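Trainee: Sequence:
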Amino acid sequence: MRWCRRRWTSWLVHLMLRDRTEAFDLLKSMGAPGRLILHAQLVSEAADQLLIEFSAIGIELDEVVVKLGAVLHDTGKISHPNELTEPGSEHERAGQAILLACGVQAQIARVCVTHASWNAPDASLEERIIALADKLWKGKREPELELSIIDTVAGLLACSRWDVFERLDTAFEEIAADGLKRLQQSRSN
Numbered sequence: 002m003r004w005c006r007r008r009w010t011s012w013l014v015h016l017m018l019r020d021r022t023e024a025f026d027l028l029k030s031m032g033a034p035g036r037l038i039l040h041a042q043l044v045s046e047a048a049d050q051l052l053i054e055f056s057a058i059g060i061e062l063d064e065v066v067v068k069l070g071a072v073l074h075d076t077g078k079i080s081h082p083n084e085l086t087e088p089g090s091e092h093e094r095a096g097q098a099i100l101l102a103c104g105v106q107a108q109i110a111r112v113c114v115t116h117a118s119w120n121a122p123d124a125s126l127e128e129r130i131i132a133l134a135d136k137l138w139k140g141k142r143e144p145e146l147e148l149s150i151i152d153t154v155a156g157l158l159a160c161s162r163w164d165v166f167e168r169l170d171t172a173f174e175e176i177a178a179d180g181l182k183r184l185q186q187s188r189s190n
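Counted the way this note's numbering counts, the sequence shown spans residues 2 to 190.
Keep in mind that a hint or two might mislead.
Below, computed lysine-lysine pairings styled on DSS-like, alpha-carbon distance capped at 25 Å [stated by the list, open to error]:
#, residue 1, residue 2
1, LYS182, LYS139
2, LYS29, LYS139
3, LYS141, LYS182
Derived from the structure by calculation, the hints contain no laboratory data.
Keep in mind that this is a model prediction, so the values were computed, not measured.
Whenever a hint applies, use it, and build me the whole structure from the sequences.
Mentor: Encoded structure:
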């Protein structure tokens, strides 16, 4: 983490990321490998599809958190590159620490941890949507996560789980259906 603080502190101390382009620029400036950049792009595509669906049913979200989080959730893999191809969780806290050391807003840095611990009681809907995008991009369905989101949305809309389930389940399936294509794209790089 010191490398980030030393290397970028002079211009990033009060960094307030505003859009996805700035988030990608930050990843690139930290030396993120192409595979991580591509992963961030693919997760971002899935997140965008989710944002469209939630907007269509009247759910207001902090889209900036979702968009930036989709890009930066795996930042810690810069310092734990083995986790780009192998399972591991060291990148989660490392990513949060790197982003905080670079001056990124805490709400965005926190996504590095919550994308894996989405079932924590204090995980926001936006954080769970990022976690879901990180699953759906590759075609993986995560029923417990999906139901958690569906139940939250049903509560926000003051309706039953089943009133929301069919529409969101269909949207989740459509995003996951392109997973094989996205996986092939990620493996070709």
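Trainee: Now look at each hint and say whether the structure bears it out.
Mentor: We went through each hint and held it up to the structure:
no. : hint               : in the structure
1   : LYS182 with LYS139 : holds, 8 Å
2   : LYS29 with LYS139  : holds, 23 Å
3   : LYS141 with LYS182 : holds, 13 Å
Figure legend: structure checked against the earlier numbered hints; every hint is met.
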